[in-house]
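K.L.:
Now that you have both chains on their own, put them together as the hints suggest.
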Amino acid sequence: MTTPVTPDEGLWRELAPQALARLLRTYGRDQFELCEDAVQDALLDAHRQWATRPPDDPQAWLCETARRRYVDRVRSDARRRARETRVALLEEPLDGEAEPGDDALLLLQLCCQPDLPRSAQVALTLRAVAGLSTAQIANAYTLPEATIAQRITRAKRRLKDLDGDLPRPGHAEERLPPVLDVLYVMFTEAHHTTSGAPVRDADLAGEAIRLTRLLRQAVPDSTDVAGLLALMLLTEGRHPARVGELGQLIPLDEQDRTLWNHTLIDEGLALLDEVVPGAQPGPYLLQACIAGVHAQAADTESTDWDEIHALYTVLDADTGGRNPVIALNRIVAQAMVQGYAAALSALDDLVANHPDLPRADAVRAHLLERSGRDAEAVAAYRRAIAATVNAAEQRHLRDRLRRLVHVEE
Amino acid sequence: MKYLILMHVDPTVLENLTEEQQKLLGEGHGAFMAETKENGEFISTQALGDPSRSKVVRPGGDGPEVTDGPFVEAKEFLGGFYLLDVEDEARAVELARKIPDVQIPGLAVEIRPVVFSDLGDG
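Keeping their order, the protein sequence lines are chains A and B.
For the first sequence, the working numbering gives the first residue as 1, with consecutive numbering after it.
For the second sequence, the working numbering gives the first residue as 1001, with consecutive numbering after it.
Looking at chain B on its own, in the form it has when it is part of the complex (with noise of 0.2 Å):
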């Protein structure tokens, strides 16, 4: 079964981050995929862009128009993903749970089921 966490982030609460909680991000991001890839339950991550780079396309009179920035006006943001295949939402979420950014007030992850997939190589 396959489960994509989102990593809803705030860019104030990055702004400021301790020294300490810089570093378990990163080592506590790593050591998570080491995990994942070694139990065989990894598929992918990505990181996104800041949210100030977005494009959005939606119908407008002449066809579609561009416009800059995002869909939704919020303060969080999508900072990125993991795209899980493991057995059972319950092991999605306890798997969530060893993500660095659920040690950090004010950042959260979010755990969807993924319903179609098409690895784009087959």
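Bound conformation, chain A alone (with noise of 0.2 Å):
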């Protein structure tokens, strides 16, 4: 590579976590916060040399720097007990071998090990693997920055003192559940944040797509990888209808489909015509192809509302039954086919079972609604507001609700 390098942040947090998966895995995990911190250090003199010296190659650059910097830093850590077996560590080559996507894959997989608490997993991801900074993270889950920083200090420790060898490179079937998890929540997060701050959402909804497309090139035969990669471009791609100028939230139905971001769509439901013949489908695959036939419709009448309820029956059957959340999603779906009544029949029933389900008035009232049972309805949306904990949800219900009041009175 000859082209001068101009560096941009882009550049920055493609570069970093690589340099610091390599370090990581020749040094080990236990130096985690030394590892950070030399390529801290190599980040800075990236930036003073760069601009006037651009290198050729800028990862294998950033790279040795940051290996240079890590031995200064140990080399003057007089305290560490260790020092001479690091010493002895530090004649040995970096391995070269490594693809770049194998760096921010064994990164990810280390950041999400099954010990730590989700939360910790979540801030050790965007800090290390996606290069956010507290301050950025902190932000996108309005948290104060003092907050963040001890979860990722607390997690590095933890990562520390638990035993076990970092996971190996070119094993991404190790931890790749929780990997997937934490991708998960993270970009459901972003979707579920309160309302009023659409800006902060999506940075984590970019974050969380940004590693999965990383991890889909490392792990390209994983159903469930491209499963996952699916439902969030076309959950993202219907973002820009989802919520209102002033922050409320518009559902499916209501949406205009116009706003859709049809390159995120598309490029979702190609990646579901690649893969999803022949695959046996997990979870994330079954909700991706769900999000990708609301997304060939043009409106709710249209929609293949039989293929949903086939594909919502599979889902439920799949996660055993263990999952109230989607076979709520399950009777949305009924109703569109068997009719309200059956629909509300089987929300008795899957009341009955899971009494404090959250949202199960709220598709109640919904349903009340469409069966002109307006009394009940209101009822019901009342029920619904008291019990959500979402913002944007709350405007929403209120929203319904006076709708139905102003119609009685």
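Please note that the accuracy of each hint is not assured.
What the hints assert, rightly or not - For the chain B half of the interface with chain A, some residues (derived, Cβ under 10 Å), not all of them:
id	residue
1	LYS1002
2	GLU1038
3	PHE1042
4	GLN1046
5	ALA1047
6	ASP1050
7	GLU1087
8	VAL1114
Worth flagging that the hints you see were computed from the coordinates, not collected in a lab.
Just so it is clear, CB atoms sit at the ideal spot from N, CA and C, and this is done for glycine as well.
P.N.:
Now the structure itself:
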């Protein structure tokens, strides 16, 4: 590569995790703190030098500089007990065979250590793999920087304390389930965060998609990874129509579908075409297929509800009927296929087993309203408003309730 | 998930605290803050002044009117709160049980989910 490099944030964020992963692989994950500091040092060096002396190969330059900075830090750290062992290790050359995708994947696997709490896994992933600053993560979650900083510090300390080796590069199947879960949580939180600050949300969703793309490159054969990526693309594609000008939530059946981002949706649909035939679909792929059916319909009426109902039924069975949220969504589809009475009766059965199910009253209110049972719908909307902790959803339910109450008066 | 833990206090209970209870409150809150900070669950805490310092602004004939005293006349009042970010409601309850107030008869804490946040720094 001979093109001069203009360092921008995107490039830093791509290169820094790779350099970090290489250091960790060489020197061990108990060196997380020190390796991260060394990469930060190297980034500063790059800022100073690249403007006048751009490197031929930015990645190699950064990795080598980070390694030298790590060596400096270990040498100057006289308090370190195992100093001599470390110094011996420093003479080992960096492993040059790994692909950049492997590095990112390795970091993802490391951050998604199953023994860490989910919130720590997510924060660490955003910090180390996505390269977001503590302030950016704090902003995305509307938390103070100190809270996020403490979570990351604690997670690193726990990583250090936990026994066992680093996940092996090139063994993507290891820890794939928690990695997918973390990416999914990151993405859904972006879409479920309370309204009022939509700018914040976009970042998290964008990061989740970016990382899932990386994962897909590293593990092209996994239909679970492909399914999650398709699900994210199709959901994100609908996002522009999902939130109104005042931050209010617009349900699918009222969305202006011309506002959808069709580039993302087409990419998601193409991905489904590629992986669905012959696949043994897991939960993410099934949810992506449902999103795909919605994305191909011009409006609610022309939506293939039979297909959606069938997919939800498979998904419900697939999760052993243990996930009441999926059952709730299946009931919404059932209403479109078998009518409101059948759906309400199924809802009664579901709530009997899950009395505290969130959104059950919101679905009930919707079904009752559509059945013309206004008085019962009003009562259900009131219960649903009290039950939700999402400000945008609360506003949406209040709008519905207001409409009904005004009709009554 | 963010939760607000509201600490309800009763002035007569506070006036009649024993030496040990006083100590329990002081040290207990210190320990509670240290623990939630260490866990990365702490967002903030505020203690509020006496309700006799309250002013209430409400609509009046010629625009908003200002009156002295609390909005609701009650024996108990809001003494302060903790704002926490925790995994779920069960964890919020688990933490609330560690607040020293819940060991003193006449005091209590209340746990409410937060539905909207803006910390003013973004």
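K.L.:
Hints first: check each against the structure and report whether it holds.
P.N.:
Hint check:
no.: 1; hint: LYS1002; result: holds (8 Å)
no.: 2; hint: GLU1038; result: holds (7 Å)
no.: 3; hint: PHE1042; result: holds (6 Å)
no.: 4; hint: GLN1046; result: violated (14 Å)
no.: 5; hint: ALA1047; result: violated (18 Å)
no.: 6; hint: ASP1050; result: violated (28 Å)
no.: 7; hint: GLU1087; result: holds (7 Å)
no.: 8; hint: VAL1114; result: holds (8 Å)
Checked against the numbered hints above, the structure breaks hints 4, 5, 6 and satisfies the rest.
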